[in-house]
Structure formats: structure tokens, C-alpha cells
Amino acid sequence: MADISMTSDPKTIATDATTEPVRRTRFAALRQTDLWHSFTNHPSAVFAVCLLALVALTALLAPVITPQDPYDLASLVLWNAEIPPIWNAEGQWPYLLGTDTQGRDILSAILYGSRISLVIGFASVIVALAVGLSLGLIAGYVGGWVDNVIMRIGDVLLSMPFILIAILITAVATASLPAGLKDVLAAPILIIAIAVPSWVQYARTVRASAMVERKKEYVMAARLIRVKPWRIMLHHILPNCLTPILVAATLNFGLAILSEATLSFLGVGMPPDQPSLGTLIRIGNQYLFSGLWWIVVFPAVQLCLIVLSVNMIGDWLRDALNPKLR
Amino acid sequence: MLAFLIKRTANAVFVMLAVALLAFVIFRFFGDPVEMMVNEQATQSDRAELRERLGLNDSFATQYGRFVVNAVQGDFGISYRNQQDVMVLIGERFPATFELVLVATVISLVVGIPLGVITAVHHKSRLANLLQLGSIIGVSLPSFVVGILLILAFSVSLGWLPAFGRGETVDIGWWSTGLLTPSGRAALVLPAISLSTFQITLVMRLVRAEMLETLRADYVKFARARGVPRGRINWVHALRNCLMPVITLTGMQIGNLIAFALVTETVFQWPGMGLLFIQAVTFVDIPVMAAYLLLVSFIFVALNTLVDVTYAWVDPRLRDDSVKAGGANG
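Keeping their order, the protein sequence lines are chains A and B.
Under UniProt numbering, residues 1 to 326 are what the first sequence spells out, in order.
Under UniProt numbering, residues 1 to 330 are what the second sequence spells out, in order.
For reference, chain A alone in the conformation it holds in the complex (with noise of 0.2 Å):
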């Protein structure tokens, strides 16, 4: 956070250190700039960053501040099955938001989804920005066929509705894939799924942004003095379109973990055993009828929880880095 506050702003701290050559640390320099003046007084912004911290903390300390391990079936117990939510007269400490048909206690469950949620949606973001960056550069870059063939091949991707590429990607690895590995390679393949439609929308900005850079004189004197080409295109030409990649991967995360947790309901993405938000919605989905409400709602409500954060992160990121709205 720290480095990318720094490169959009680069004037403030150069001015401020230049008048004030004290030795700071990076925590002063980042309150000095606008982003962060933006951010303080944006109070949705600190609620969001906070829920995040909060929701990314406690799916990280899972394994310690849960009552029992939720996929350790030795501690589920069966007599403490469909324990409604403690403030109910029948629930029951420590099963906060009460407990499945088997006994699994759903904070625990929630908790553990949370992680699987978090991690894919994290991943996936990764690996498009890896790809959509590195392809969008060199398209912009070299241009000729190699863009052209890029390009292309992103158009046909936008032409397919986003969940349905991600659906038929999961579909035909799990179908082709034999019995004893799906599960295991569950979370790789939703990754990838929700990677590739993804990618190309980074692509197609730094692509942009490529193609104006390349014909800049620092380009043509770079080149001049045989700065190699992988080299201008990571030091000079990525660093100018950050600040919109940045937003757009902010988005996409949110994206991202909503795409994983709609596979995984419709039953396409993570398995029963290793479940993410998604998947207990879906295990949830079958008790709707039967008044055991709490099962389903309150992944439900985490899964919107995170989603609404980043959200809000994004939109409030959007706003404090556009330039014509400063």
C-alpha cells in the first residue's frame, strides 16, 4: 500500500523532501500524501478497510479462535446438531451462530470458508494481473501480428459472458480430469477459471498506455543506450498505467470472490470437504425449508460482508486517484 501511494503521488514527497530534509519513516511520508488525506476523510473508506482487516483477520487466526475444527469429523458431535444461533432460548454456548445437521459449528465453518474465499478470490487476481500485464505489454510493445493475435484473442474472450467461460472452464477440467484428483486441484482450477476472462481488461489498459509510451523520446534514448526490452517495458512503460490497473484489480477482487462463490453454489467449484463461502451456501441452500434459516444466511451475509468492502475500497479508490476529480 505504502509503495503505490508513493508512485501515484510521487510530486508531494519529492516537495516535501526537498524543504524538509529530515529523515522520516515511510509511515510519515505516506501520511503526507493525498491519498491519504482522501482516505481519512472518507469514513465508508476506513469502515471498509477496517471490516476487511477484521473479516481477513479472523479467517486468518481461524485454526485458533475457533471452538472446534470444522472438517475434523471427530469433533462433531451429532447430539449437537441444529443448534439454533445463541441469542435464540434453545442455543448454546460456544456455537455462536448455531451448529449444521452434523454438529459443525457455522462461525467455525464461516471462519474456514472464509480463508478458501479469500485466498482464491486473492490468486486469481494474481494471475490475471501476471498475464493480462505481460500480454498487454508486450502487445503494446512490439505490436504487429503478436498484438493483433493478443487482441484478438481477448475480443473473443469479451464476447462470452464472463460466468459462463468461467462455468465451462471448471465444467471440462473436472470432466477430464480423473476422480481422486478434482478435489484436490478444485481450488487451482477455479483459479485459472476465474483468471482467464479476467485478464484482458488489464491487457487492453496497459496495452493503451503502451503504445503511446513506446514513441516518447525516454523510450527512443532508452533503446538508444540498449536497454533491453523486457527492461523499458517493466521500469518505464508499466509504472505510468498503475494507478488504473490498481483500480481495476480492486474491483476485480470483489469480482473475483463473488464469481468463485456463484461456481460454487451452482455446484462447480469448491467440493463439500473443503468448502468455501459458496459451497455452504449451497449446503445451506437445501435446508431453506425446513426453518433451519441459519445455516444459509449467515455465510450469505460474510460472503456480502467481504464483497461490500472491497467494493467500497475500489469505488473510493477510483474517485481519490481520478485525476479530474481532485
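A portion of the hints provided could be inaccurate.
From the structure, some residues in chain A lie toward chain B, with a derived Cβ separation under 10 Å [to be verified]:
#1 Pro67
#2 Phe162
#3 Ile167
#4 Leu168
#5 Val172
#6 Ala179
#7 Asp183
#8 Val227
#9 Gly278
#10 Leu288
#11 Phe289
#12 Trp293
#13 Met312
No lab work stands behind these hints: they were computed from the structure.
We put the beta carbon where it would ideally sit given N, CA and C, even for glycine.
Using the hints, position chain B against chain A.
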């Protein structure tokens, strides 16, 4: 204009051929079509004969060519699962999905446009901030969660509306409609609302952005100076100029809505194409999957092309080379 039209159409055809190639590769190389079609007792020679008859021994290019020619004529082969013609299966399910998407689109416009106007006209007011917050919540709610919560509230707790199925339908020719019976209309309410949530927020945000810009225009100031009532300025003069992008968005989103309907259809067990597709995915019924992929992509590409061409027709500046294929969708 003609050159642009030809270029844009060629582009759409290219994209469709690529999607068809993808569908064909899935169809041909994931699961052996012969094994899927014959029964257990079939001998080796039966299989060889079927293989020959289906043309599976021909070259890749020949088979792909045949696949495309058949697909253009609406022939996607026989479903592996229930041995029915794929196009007949999809044809039976199409009206259900179409009606769902149509009603969801209407809801999104009827609700989204006024909300957008209100947030723009009273921007910076508490109500507008609240609606803005509502819109970001609407974007963040997964559509299947909306569906589940609606079922919990209106079917399980209150018992007002049915939670699954399509109710009674009436056949008009080959089209079966649920819009003409009370139970059909009741069954449509919850799925349509759940499918339209995301779309409402999209329309609302777009109208708000457009209105904020339009309200600063000179003609709005002159209208105010002339003493035209506030309501008339906002809802007639200004809104009219914001509707073009809304129509564009709605047109282009229909493809997405059809694709997203498969989630809604799963939640509500709505007997549309999406449910057919999800069942096909579970049973690895590849002809149905391929047909659905091609059909949805075709609708998607056709609408995008239509929108681009209409725009170019209205605004000649867009006809030059800067128009990128598919650049308008996101």
C-alpha cells in the same frame, strides 16, 4: 457507412467462428461422442460403424466445417442424456428464460431510472447518499444470495409467493407463456426481482452520472430561467437526453442477463435454458453445453454489433478506424 457495416459484421462472424471452434473442441475432445451414444452391448464393429457414420474419422478441418454448417442450421446433434434433439430441448426452454429476462429488464428500467434521477437531482442530500450506499450494496449482493433471501422472506416466512417452478403456462403456438395465468405471474415475481437487482443498480448509476452532466447544460439553465417547472425540467427535458446510453446499456446487458439467468434459474428451479445448461454440466452432456454456449454468445455478439452499428449510423464520427472490435462491452 457500408464499409463500416461490412467490417463490423465480418468482425462478429470472426468472433462467432472462434467461439464455435471452442465449442467444437470441447464437443470433440472431452469425452468420446461414440462412447456416450452407444449402449453397453454394442460390439466393436458397431462402434466403428457409428464412428464412420458420424464422420469422426474425417480430418479436423472437415469436422469443424461440418459442425459450423450444422450449427448455422440449428442442428446441434442429440443430447447424450435424454437422446432428444438439442435444438428442440433448448427451444422448449427458451420462452421461460426470455420472459424472465424481459421482465427483469423492465423492472430494472422502471425502478432504476427514477432512482437515478432522484440521486442526481438531490445529490449531496441525505436521501441521495442513502440511495448511493444502497446501489453499492446492490452491486455487492450476489444474485443467488438475493434469491435465497427473497425465498426465505416471501415464501418460507410469509408464504405469499411460490419459491420454485413456473406455475401454469399457456401455449401460444410453440411459445409457452407464464404471463397469462395468475400462478405463472406469481411464480415470476421473485426470480425477476432477484435477477434485476444488479441491473437496477447499473441503470441507476448510469442515469445518475448522465443526469449530473446534463443538469449543468445550458439548455437546462435556460429552461429554469424561462420558469419551466423544476419537475418538468428534470423528468422531461433532462431525462430525455440521458436515455440513449441507458438504452445502449440495456441492449448490451441482455446477453449478460441471459447468462446470469442460469444462476437465478438454479435458485428458483426455473425451467429455462440456464437450468438445462447447469444440468448438462453436471451430466457432462456436451452437445447441450456447446449449443447453449453458441446461442448465448451469438445473442451477446449480435446485440453488441447492433449497438455499434446503430451508434455509427447516428454518429458518423464513430465510423473511422478507431472503433475497436467489441470495445464497447466491458
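Tested hints:
no.	hint	result
1	Pro67	violated, 26 Å
2	Phe162	holds, 8 Å
3	Ile167	holds, 6 Å
4	Leu168	holds, 7 Å
5	Val172	holds, 5 Å
6	Ala179	violated, 13 Å
7	Asp183	violated, 16 Å
8	Val227	violated, 30 Å
9	Gly278	holds, 8 Å
10	Leu288	holds, 6 Å
11	Phe289	holds, 6 Å
12	Trp293	holds, 6 Å
13	Met312	holds, 6 Å
Going through the hint list in order, the structure does not satisfy hints 1, 6, 7, 8.
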